[in-house]
Each structure stands twice: as structure tokens, then as C-alpha cells.
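Novice: This is what each chain is made of:
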Amino acid sequence: MNQLWIEIGDHSIRINSQSEQAIQHIVNGFKVVPTKQSKKANLDIVIEYGYGYPFNGFDVDITKDNGTVFYDRGDYIIEVDLNYTSANIKVLNDFALKHALMNLYSVFIVHEQWGLLIHSSCMREGNKAYLFSGQSGAGKSTVVELSYPRAILSDEATVVKITSSGTKVYDSPFRSDTTSFFQEPSIELGGIQLLEQSENINRFRLEKSESMMSLFDKVFYWASDPVETKKIFELLSQLVSDVPVYRLQFQKNNLFWKEIS
Amino acid sequence: METYIRQSDLEAVEMDGSWVVLHPVDYTVTKLNALGGVCWELLTKEQSVQSLTEKIQSDYEVSTEIVQNDIKQFLNDMVDAGLVKK
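Going down the list, the sequences are from chains A and B. Just so you know, we're using this note's numbering here: the first sequence kicks off at 1 and counts up by one. Just so you know, we're using this note's numbering here: the second sequence kicks off at 1001 and counts up by one.
No lab work stands behind these hints, which were simulated from the structure alone. Backbone N, C-alpha and C define an ideal beta-carbon position, used for all residues, glycine too. Be a bit skeptical, because a hint or two may be false.
Unchecked claim - List of simulated lysine-lysine pairs, DSSO-like, C-alpha gap at most 27 Å:
| hint | chain 1 | residue 1 | chain 2 | residue 2 |
| --- | --- | --- | --- | --- |
| 1 | A | Lys230 | B | Lys1086 |
| 2 | A | Lys168 | A | Lys90 |
| 3 | B | Lys1055 | A | Lys230 |
| 4 | B | Lys1085 | B | Lys1045 |
Said to hold, decoys possible - Computed beta-carbon distance windows for the label pairs:
| hint | chain 1 | residue 1 | chain 2 | residue 2 | range |
| --- | --- | --- | --- | --- | --- |
| 5 | B | Val1062 | A | Ser198 | 34 to 42 Å |
| 6 | B | Glu1065 | A | Glu145 | 40 to 48 Å |
| 7 | B | Asp1026 | A | Gln135 | 15 to 23 Å |
| 8 | A | Asp44 | B | Asp1026 | 30 to 38 Å |
| 9 | B | Glu1014 | A | Gln135 | 23 to 31 Å |
| 10 | A | Glu259 | B | Asp1059 | 48 to 56 Å |
| 11 | B | Glu1014 | A | Pro226 | 52 to 60 Å |
| 12 | B | Val1062 | A | Thr85 | 38 to 46 Å |
| 13 | A | Gly57 | B | Asp1026 | 19 to 27 Å |
| 14 | A | Asn127 | B | Asp1026 | 25 to 33 Å |
| 15 | B | Val1062 | A | Pro185 | 49 to 57 Å |
| 16 | A | Ser176 | B | Thr1003 | 46 to 54 Å |
| 17 | B | Glu1065 | A | Gln197 | 39 to 47 Å |
| 18 | A | Asp242 | B | Val1062 | 35 to 43 Å |
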């Protein structure tokens, strides 16, 4: 059995697998840290290949049985205890493993009431992070391309820690088109932009209630239990109380940054 | 007379004077307008269209017909959304 320690957010995660393919996937896409003999992992994960059938859609079947929650998408299955301390992930291929890890981390951080994974891109400008979200095709990836040379903290799922004393963004391993060398420290979230492509550049601040409504469907989440869903609502409520949310109309150039910072 | 009350096990938060209500089983969120917010606050106890109308007319100058129609519509929408029960 091979073992690796990785960090996502401020969580230490211990990965065990007999699969070289799994270990390679982790090494290529995650922040691997030195083995921590004395430290307790926040989450233990065992990964196996050889499960399921080819990808057939994003729907995840969630069931509970005898102290275990199962998340089954067909090309992956996650089995995790009710305390979200120990999980088995069985996958068909690397694509399924990527999504299974995102699924597991999302439900783990909500369970812990630590934060949210938000469907968005996020860049650093100065000493703050700025998050860009919106409907599919609104321009999250375009904004990444237009933001060079700013550091990219995420291009698909932003890791957001939400506390009563502030909101921070962490360098995300859950990416689609970019890779991270995990050199970026966690950083305060300065604002959330909901994107709309336009002939003009304008930015309007949204009321908190409107912000809640707009962000609710941008959270990566697989609801297993009403109690867990209520935690999302509380985390979002805290987030929009702490961080301003704007509607950003932008052209396909980098001038929108003048409106932001 | 038919009466209405909030469903149990919901989460709701008031922000900038507007209520946002979560249905945690259906995984939906609903934002209430101003009239809806006033009714929502009253619906912690059983209310009828008549009792809601009287309470709203004690604070706002609106005709009975208009406010009753709005309240009926609001209650129907909230029942459909699973946020209020008869």
C-alpha cells in the first residue's frame, strides 16, 4: 500500500492506495506534503481503481446504510463514515477520481462547517483574491485568460474558508485548464463578481438577499441530508455578510480589473 | 376558516430587510417580497387570509381587495413551494 499526505485548504489528508495510477494522479494534481507520522489526518482516504462503468452523467445517487454514506455516480463510488473522517473511493478512471475527490472534499468541508467549494475562477490582485462566477458560458475561463499575469487560485472550483472573523481563499487543486504549483498562500477574499458578457463595463453591488439567491446554485454540493444542507445556507449567509457581491458586465478585454481594484 | 402556518424544519434569514427561505429537503431557496416578508413573520402562528389582511392594514394603507388578492396569491405560492402548510 502506498501512502501520501496532501493538503487542501488547511486540511491534512492521508491517501492510501495500491494503485500506481491513483498515486500518480494525486502527485500530478495535488499539494503533496511530507509524511506526518505524528499528526492525525483530518480525513483518511483509500483509493481503488476497477469500479463502475463509463461516465454517463453528473447525477450522484446518495444513500445511507449502517453508519456509512454512499455517493454513487456510476463511474465512482465514495463510502464515507457519518463523521466524515474516513473514506473509500472506488473509481473507473482518472476523470472519475478527479470528480470523486471534489465531491468528497465538498461534502467534508460543509460537514465541518469550514467553508464551500464554489463553481468559479479566482485570481489574486495585490493582497486580495477576487472570485468570478456566473451561469455556464458567462466567461469564468475567459476572465482567467484575460487576467494574466495575476496568480490563478482556481479556474473551476474555488476553495473558500468562511468564518465569523473573515473569508479566505486557498489555492485550489480542483482545476480544469490550469495547473497549480501551490505556491500561493491563503488570502482574504475581496469580492465576488457574477459575470455577464456585455458591450460595456459596469459593476453593480447586489443586496445580500440577492447575493444569497445568486450564489446558492454555484456551490458544488451533493445534498445527503437536510441537516448538512442547512449548513450550506448558514455558510452562504455568513459569506454574503462578509464579502461584497457584484454583478459585473464585462467586455472580452482586461479593462474590467479597473472596476474591481 | 382555513388557516396557514410555516412548515417546520426550514431555515430562513433576513438580510437588508428581505427574507430568504431554505427548503433543505427540496434544496430550494426562495426570496420573499416586502408583503411576503411581513406575512412570513406573522406565520409563526396560525393565520387566516382575514387575520393577515387585518394586521397588514393596521400598518399600511391599502384596499382590502388588493391586499387580500396579494395575500391569497402569496399563500398559494408558499404552499406550492412547501414553505407554508394549511
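Novice: Are the hints correct? Go through all of them and say.
Specialist: Each hint tested on the structure:
{"no.": "1", "hint": "A:Lys230 <-> B:Lys1086", "in the structure": "holds (24 Å)"}
{"no.": "2", "hint": "A:Lys168 <-> A:Lys90", "in the structure": "violated (31 Å)"}
{"no.": "3", "hint": "B:Lys1055 <-> A:Lys230", "in the structure": "violated (31 Å)"}
{"no.": "4", "hint": "B:Lys1085 <-> B:Lys1045", "in the structure": "holds (11 Å)"}
{"no.": "5", "hint": "B:Val1062 <-> A:Ser198: 34 to 42 Å", "in the structure": "holds (38 Å)"}
{"no.": "6", "hint": "B:Glu1065 <-> A:Glu145: 40 to 48 Å", "in the structure": "violated (57 Å)"}
{"no.": "7", "hint": "B:Asp1026 <-> A:Gln135: 15 to 23 Å", "in the structure": "holds (21 Å)"}
{"no.": "8", "hint": "A:Asp44 <-> B:Asp1026: 30 to 38 Å", "in the structure": "holds (33 Å)"}
{"no.": "9", "hint": "B:Glu1014 <-> A:Gln135: 23 to 31 Å", "in the structure": "holds (27 Å)"}
{"no.": "10", "hint": "A:Glu259 <-> B:Asp1059: 48 to 56 Å", "in the structure": "violated (40 Å)"}
{"no.": "11", "hint": "B:Glu1014 <-> A:Pro226: 52 to 60 Å", "in the structure": "violated (21 Å)"}
{"no.": "12", "hint": "B:Val1062 <-> A:Thr85: 38 to 46 Å", "in the structure": "violated (56 Å)"}
{"no.": "13", "hint": "A:Gly57 <-> B:Asp1026: 19 to 27 Å", "in the structure": "holds (21 Å)"}
{"no.": "14", "hint": "A:Asn127 <-> B:Asp1026: 25 to 33 Å", "in the structure": "violated (41 Å)"}
{"no.": "15", "hint": "B:Val1062 <-> A:Pro185: 49 to 57 Å", "in the structure": "holds (56 Å)"}
{"no.": "16", "hint": "A:Ser176 <-> B:Thr1003: 46 to 54 Å", "in the structure": "holds (52 Å)"}
{"no.": "17", "hint": "B:Glu1065 <-> A:Gln197: 39 to 47 Å", "in the structure": "holds (45 Å)"}
{"no.": "18", "hint": "A:Asp242 <-> B:Val1062: 35 to 43 Å", "in the structure": "holds (37 Å)"}
In this structure, the hints that do not hold are numbers 2, 3, 6, 10, 11, 12 and 14, in rising order.
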